[in-house]
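Here is what each chain is made of, one letter per residue.
Number of protein chains: 2
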Amino acid sequence: MHLVMIGGSDAGISAALRARDLDPGADVTVVVADAYPNFSICGIPYYVSGEVTHWRNLAHRTAADLEATGMALRLDTTARRIDVGGRKLLVTAADGTEELIGYDKLVIGTGAVSARPPISGLDALGPADGVHLLHSMGDTFSVMRTLEHSAPASAVIIGAGYIGLEMAEALTARGLSVTQMEQLGEVLPTVDPELGALVHAELAAHRVEVLTGTTVRQLSRASAGGAARLRVDATAAGGETISRMADMVLVVTGVRPDTELAASAGAALGVRGAIAVDRGMRTNVPDVFAAGDCVITHHRLAGETYLPLGTTAHKQGRVAGENALGGNREFAGSLGTQVVKIFDQAAARTGLRDHEAVAAGFDPVTTSFEADDHKAYYPGSHRITMRVTGDRATGRLLGMQLFGHRHAEIAKRIDIAATALFHAMTVDAVSDLDLSYTPPLGSPWEAVQMGTQAWTRLARSG
Amino acid sequence: MHLVMIGGSDAGISAALRARDLDPGADVTVVVADAYPNFSICGIPYYVSGEVTHWRNLAHRTAADLEATGMALRLDTTARRIDVGGRKLLVTAADGTEELIGYDKLVIGTGAVSARPPISGLDALGPADGVHLLHSMGDTFSVMRTLEHSAPASAVIIGAGYIGLEMAEALTARGLSVTQMEQLGEVLPTVDPELGALVHAELAAHRVEVLTGTTVRQLSRASAGGAARLRVDATAAGGETISRMADMVLVVTGVRPDTELAASAGAALGVRGAIAVDRGMRTNVPDVFAAGDCVITHHRLAGETYLPLGTTAHKQGRVAGENALGGNREFAGSLGTQVVKIFDQAAARTGLRDHEAVAAGFDPVTTSFEADDHKAYYPGSHRITMRVTGDRATGRLLGMQLFGHRHAEIAKRIDIAATALFHAMTVDAVSDLDLSYTPPLGSPWEAVQMGTQAWTRLARSG
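Protein chains in written order, with the working numbering: chain A, 1 to 462; chain B, 463 to 924.
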């Protein structure tokens, strides 16, 4: 039984590890397009900032660790074409050699590629000009070359999602003056604007210039007179033109699934053009599974969606690896649980926001509440801002969003809510959970429970 | 409809708040034996340490806050006797006046009192000698008088449960030299000795002398020659006698339910002599409910037990308040979820340990595992030591114990496990939970999931 995984990131490696874990006799090969298997893409901003002192530390496991589990790695090897009938994968090695690798089962984990927004001049500029996309280790090395060789004093970051915000912090930490441009009305558009505004304030408090409602139209080399090398022209919310000069431009406006290989083999595509898979991570192509950022996401509340996240890729890869061995595991579904640290604060969400809940057929109500992370009489307490979403008719918990200090246990608190959501609890029933308490670390009612109690009061009165 | 709550701590106040919240027309009186309604008993060690700068800050709500909700407070008023047939409560006010208060429904929240271990000489010594029990605000003021007026240089703490450990930290913070004596084989006997040993090491690292397996036999005034005022004689594990001289002795060896009033009214008692109640917090006495540290605890995995905790008292009080109004709420049950901070570390548990699981009819296996609180490549990561207990036959999750740095989100991580336990998940299914991730605050698989995955590997191979 020969299993071949395509992709050295979360999904491919998780599939390979799971197969080797379940069947120490399984013959597992992982085809990796670059030399960086099992690298933590989410850690890139912390390498750029200097907090991670060597890029090698970003590896979840080294190549040697991976090979010690009994899998074979084919690094710098590009998967070109799948011969479905013959169950063979055509690959090209770094030296250009072509080879056919036979498989019994194939797991596609080709991931995602950076979206290229429609900005005039973008395609003509690249890393050598100080203009960067950022998704892979290769992109990271390009960014580091710019930082180390050109010593830029200023940067414009286009996009204010997770990676955009983390890079604003990273470049600020390196001493650059940063301007962040976001097309939508508030930064971190994956949370409600009420929380996005708090993130915005944290950026501003660290001297990041934040321009929301701002659509970048054109990138160009700066005129000879100025010191800065690049010029960014944008349209502001009011319609006026805004221009900024910068030594470096980072374009981080999201990703799209990399489906070329799968589609060419006849794989059906679904939401947002991602590979269609069932909950067992099976594509419609015989003996071919797919997982991670290249596939659609089954969401427990919203049905089929596209929601590329490392946590999800790990889970989907694990299912694919087990099923490639003949198992019958199902991906339990995503809740879109996410957290991001922005300087000294953190923002997190799980489940659905109002508009998403409406789209999923619910009748949502969202309420805001503030609570302390631990008893305020004990030193060092921080306020947590919460937004709780529940269904008006059934009282079912639909989602939660949290914002607070990086030491306010925002990430694990959203996980409590995510675990409650997983089990389709009502907002009211969250108060039944027996959660821990000691004054330096919490309250007799956990903050999450204070938030759900506030929702119930409002829903009853509203 | 006149509701009377007896007790100004978590259960009584929660019942009163709930009743007022649900029915703004409800006539609610709370009879409080002292002048400190709604004080955070769990916060006492942090007032003693000096971290809480005024005892008034320990109030969850002030008396004025409570009265603003519409409840009437009868402070310094002792409940003496219940006239069940006449539905009247006999009370004595501070000035000795007796009064009968009529009620339609009564909620007993008399709490617990300090256990007095069988130590020779203990009954003859008291606060004036520097010998203290510690459970109430009154006890706290006595301790503070000793600390402020006698300026003790050394203390022996008898007992190494939650309050004993917290007081070891508090007195160390005040500059006292502390010896902690524990009869059982390891400190914090509510967790497995493997974790207790880590707590022990943390105490030792802060120069607390820890004597485990040590049974205190006698307390006496020290002989005239020495500077210290008290002498503690104990028997060590090996049978030899150990003596310590100290300026102050704290006896914190647990509590027993205060049931005198309820029992005299005919209330049936259950486990450990606590008041027997159903899940609606009804005693067997008509129109009389009881909640908090004076009642038995319904445990979701272990059935009826006695497990006095503030979190539980809040939940039970809330149920009692709702049902006293004619509602039909049920206490969902405890999982014994607890956390304690000891200097820079925290220890937490939820669910059952091996011997408790055996007693509850399960066939448990417990495994140990270590994981980082967040990706180790990001600065400031801490190791978490975990113990996961699951049922061999069914794979059901039965319990979890965690130990790690106070910033390693131990409390909220045990809450994730508690929420999984609440829903009777299998150990294996914990990996299906969609939990949050960002490198500074976690890992793609949350540490709790790494622990459950390790359990599954061991259970499969074992």
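In short, the hints are calculated from the structure, not lab data. One should not assume that every hint holds.
To be verified - Chain A is faced by these chain B residues, among others (derived, beta-carbon under 7 Å):
id, residue
1, Y839
2, S843
3, K874
Ideal Cβ placement from N, Cα and C applies to all residues, glycine included.
Hint by hint, here is what the structure shows:
1. Y839: Where the cut-off is 7 Å and the nearest Cβ of chain A is about 4 Å from B/Y839, the hint holds.
2. S843: 11 Å, violated
3. K874: Holds. Min distance 3 Å.
When each numbered hint is compared with the structure, a violation occurs for hint 2 only.
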